[in-house]
Amino acid sequence: MSTGSKSAKFDRRSWGAAGGIAAAVVIGVFVNVLASRHYQRFDWTEAGLYTLHPTTIETIKDLSEPIEITVLLATGDPLELTVRHLLVAYGAKSTRLVVRFVDPERETAAFLALQQKHSITLGRTDSGQLVSDAAIVVSRGSHHHFIASDGLVAITERGARPRVELVLTAAIRRVLAGEAPQVCFTSGHGEPSLEQGGATGLLALGGRLEKNNYAVRTLPPAHTIRGDDPIRSCRVVVIAAPTRALPVTEVERLSGFARSGGNMLVALGPVPNPSDAGYVKMGVGPLLAVLGVRMNRDFVFERDESRRVAGGFGETFIAQLGRHRLSESLLAGGGVDVRISVASSIEKLPTFEGKVDPLLTTSESSFAMADFFAWAKDPSQSPEPEASDRRGPLTIAIASERVVAQEGKATKGPSARAVVIGSPSVAYGGTWQDPQWRGTTLFTESALSWLTAAPMVLDIPAKRTHAPLTVTHDLLRQVLLLLVCVVPLSMLLIGVAVRSRRTKTKGARRPTTATKGDSK
Amino acid sequence: MRGWWPIFKRELLSYYVTPLAWVVMTSFLVLQGMHFYVLVAQLAAQGSQGADAGPVQSFFGGTVLLYLPLLFVCPVLTMRLFAEERRSGTIEALLTTPVHVLGVVLGKYLAVLVAYVVMWLPTVLYMALVARHGDVQWPVVGAGYLGMFAVGAGYLAVGTMTSALTRSQLAAAITSAMAIIGLFMLGIGAFILPDGPGRELCAYVSVWGQMNDFSRGIIDTRRLVLDATLVVVPLFITVRAVESWRAP
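Line by line, the protein sequences are chains A and B. Going letter by letter, the first sequence gives residues 1 to 520 in the working numbering. Going letter by letter, the second sequence gives residues 1 to 248 in the working numbering.
Read the hints as simulated data drawn from the structure, not as lab findings. Be careful, since some hints might not be right.
[As the list claims (entries may be wrong)] Here are the simulated BS3-like cross-link-like pairs (lysine-lysine), alpha carbons at most 25 Å apart as the crow flies:
no.	chain 1	residue 1	chain 2	residue 2
1	A	K377	A	K281
2	A	K211	B	K9
3	A	K504	B	K9
4	A	K61	A	K93
5	A	K348	A	K281
6	A	K211	A	K117
Next comes chain B alone, as it looks inside the complex (with noise of 0.2 Å):
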């Protein structure tokens, strides 16, 4: 764990210096701003909403506007933490340093992970908009950010195992976002398969299913789990692949 920092601070300064980054939080604040007035010109058209079905429910849970950018997102966040280095030689250098394989793996982990949480920062004024027309209950709000903090922390780091695992920042990213459509899919299962085994292992990985429960203040220990499974796997297998390119 020892020297993680440094690498944290780097990662995260040279994530911010490229254009890339800006870029992606354009798109993505494009999209998540449409998406929002979408949601909040259907309920103006729908005239009531529930107790539990406003605009704050709607969006954390209500819609797939709100996964798609991550599905995308996420592999382009991760996509160079490892390939490019390995691409570039850097890697070499960066394993001569006395940092523990598992600093270098978090720093650059926890540095995507900050990155992706920037990324959603400003839709709080989404929040403070919906806030100021009428009730929120900033739990449920709270509910709802921890909930897709969960998701993409999963995300990322099934982004950064592909990284690890290629030498091309391209296959990385495809690789990433193949694995993360195909858990997202899986969950869809629970819509469309009968009753029985299957259907409930879809219920139980299904993002959808998680949302709709931390768009509406449940916080279910389930999905909490499921989500530090999906980091911790992945990132012991990042950890694993690095450790394999020390000299024996």
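Isolated chain A (complex conformation) (with noise of 0.2 Å):
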């Protein structure tokens, strides 16, 4: 009977024991599925890395459709990890992001699929990274927008900073704003098309702006528009290496689109005539001079060695890259070498309100030759500056930022902005397909991209960076002989003096109870 009311007993806390333990788990699981569900994320870096700016989060609570953003990033990338921590806080704002990532290399199959549906390029670096022309693609319906990784940081001084949360922003307004910003070239002047590939048509330069997410087309001669003029819609207007002389009328429609705001990229140099007499009088002065500039009718020539390519006679040379925001990126990375090709020199028109920087410019050893068709009678000899000839330096591209009035009334509206580079050389496609000339074409790019800046993206600042680690040969040694050596052999040398000091005690004690035990 006593045995019973034992075991029973023991049943009883057996089982309350058990019922106890199963309830704190079911409690724990419970906790855990409220806790996924509402969560926080605090950013404990200084400079608030992965805290969203609220132009973010405006962009973003609000979405009325869902917005597929797909990674592209292969996973040791090493922005993988920033992309990702960043989509989970754009995730807690707003449930309509759908977020996949597809690495390159591991879902072959996910990836050849989008590479076929976006036309996406994948190339492998030195170091066996996989790359593509789209790290990132943000999709609202049939409207895409691609990124690429370079431009999810940005090159300083102080090193790679991350821009992912300036460029995701921008991405998904430019979805949901719907029309990529269009870039139209103009025709009907001896410039190359758009669908010409090779080294001298448009076809290369296109496919890069498409990629850059610019709808790209051409512009039919001033001649040919009969109602609207598509001119309208454009938000960069691009001359590209023409070859003829612009009619009257072109030369009205393009400072008329000038004067009214509209942006424009002029890249055109000396262009001899059939005669080989003198050069083409291509007409567009009176355009040059609404965005504030003059291009001299003369052939540059560089002198300077260690500008010059090897070969020619200096005709084709390295320019050097002026301050200005659109050439900050270039510079901050140590810079980049601009190759041009048959240049004409450019000149500010003193009478110019706005504002010139000079992009490119040549050496104080170059000169521009005024009668470049005397000399090319017989090239034999190296090209040597005359009374008549500028000399360097010289600038063959500017930037140009004017305020445009607005009209019927009294305050000043937008600033409409241009760059006019001497040389056709930046539109070939040769530039495009060649590596040699990688800092031209970057140098074009972001000619464009600061052409076709939208501002509403200009509210996210970039985010304070620390210096990063300069690893020395010193600090390596430091690293190895402190860290592996000496701490670890403190630790051990620290673990054998307790063991003898406790030893000893030990030892010390002994004797005296043995002593002890003795005279009892």
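With the hints as a guide, dock the two chains, each given alone in a separate frame, to form the complex.
And the structure:
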């Protein structure tokens, strides 16, 4: 009877304990389920790298339809985790964002499908890392925006600075707005067409612009326009390598576009006339005057050996990049070689009220030959400057900004931008296909990016970052000596000291105990 | 809870008078020192780092070398807590003292937790060394240590529980190592499973995911709740187990 009572008591206790443990586990699971649904993320970085800017929150909080964000970064990519963390923060603010990570190395089939859908190209760096020309694709229905890997970081003098939030929010805004900014190329004056491949065509430039999320189109000549002029919908008009004079109607049309606040990229240089006795009069003077510059009818030769490209007489050379907002990123990473071939010099008009900054210049030893054709009759001699020639340094590309006067209003309107390059070489297909001209393509892309910049993304400031660790030989030696040897060895020595002290203490106690025992 | 302080002191002192503690600490520091050296050498080879991918971030969230020692150190630290007392019979004496079982468990657990923290303390030198050669964001460093503390607290609680459930130290160490490795491996599922609830569950318990967050200065409440659960539930089971040894 007594044994049975104990057994019953034991069973009750066992069941009680088991029940308590089960209840604790269930409560633990329940609490975690709740926590996974209602959570907070605190950003302890000093620059708030993972804290979303109010502009971003404003952009994503009231999305009316799903936005798909496909990240095509490999798992080992240095930016993959940054993007992942930031997208978690985006996801915490909106349930309309559908985020998908596709690793090009591991999820080959999924990547191939995306590659075909978006015409994404894939390459491998020297270090073996896979890179594609689109690191992130932001989509809303049929509207897509591509973000390249190099767009995710800004290279500054203090190292690489992530700007993932800036480009992601800009991309979301872009797909929400619908239409991509239009970059329009003039036609009908000997310009190469956007469909023309090869070394002198514009196919490569047009393709790159489309991948940079611009809608590229050809602008029909002014005399063919019936009804609304399509130039009105252009964010930027590009005049690339014309070889025939622009009619007055065309120049008036383009000047009107510029006066009304339109942005322009002009890339033209010296074009010999069919008789090779002089330059073609392009007739663009009035247009360039609106932009604040004059293009001289001369031919630039670079005589500085460190800038001349091997071969030729110095007509192909590496230009000096000037300080400007559009060249900041190019200069920050140690600068790039902007190659230019066959150029005319450019001068600012003294009467121009806007701002003109030189973007590309030549060296002091360069000169711009006024009478190129006299020298060209016998090009066996190296070109030497004459009294009538302009001496270096010469400006061969400028960026201008002017405030647009608004009709019927006392206040001034927004500023209009232009980049004028005294050489057509920046637009040619050969430039965009040859790795040696990479600096030139980066310069042109930066110019177009500056010309098409939408002010809406500028209110997300760049995040302050710390100087990266400079790993010197001295630091490596210190780490090896101090952290791998000295610190663990010290710990071992402390342990030995404690042990020996304890042994001594024990040894000292033993005889006392024995003596006591003996006396007893 | 009454009377936990003497137990805590006794446990902590007894820990540091055994050679085991110093051997564990020395091995741990050799491994972490080499881990840090490899990271710095790798950064030197790479040339430049992103704003959020420096040595601090790599140390706390970049490689498996941070976690591997933990999978073995935590079981070794906790294996003798109850198993040894039960084997030698001293647990009977301990349980006859007017100390609440919760006090016994917490005293022992806190002692081993402090030993764990002390084990990590020398690694602050790594950060100080980095600070001498570049900028260190100390709040991010703090987040990294908070992450390691939270992960370790969970693992130690699991170890405490397994020590209370067996009589043999070795069995306790093996059982807790298996439990901790199981938890760790579950987290790896987040990298290999296809999208779905399974992957979400694995990502939720993933120590990789946790340290990726904390090493970059992101404190996620979900991770802290999971770690707190991993502390509270095993300690609750430990209390129930120890209570069951007391005579009815």
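Hint-by-hint comparison with the structure:
Only pairs whose Cα atoms come within 25 Å are accepted, and K377 of chain A paired with K281 of chain A is accepted, the gap being roughly 21 Å. Among the hinted pairs, K211 of chain A with K9 of chain B is inconsistent with the structure: their alpha-carbon atoms are about 67 Å apart, more than 25 Å. Under the criterion of a C-alpha separation no larger than 25 Å, the hint pairing K504 of chain A with K9 of chain B is consistent with the structure, at around 23 Å. Our distance criterion of 25 Å between C-alpha atoms is met by K61 of chain A and K93 of chain A, whose separation comes to about 6 Å.
Restraint check: the Cα-Cα separation between K348 of chain A and K281 of chain A comes to about 19 Å, which is no more than 25 Å; the hinted pair holds. Distance hint between K211 of chain A and K117 of chain A is fulfilled; the C-alpha atoms sit about 13 Å from each other, no more than 25 Å.
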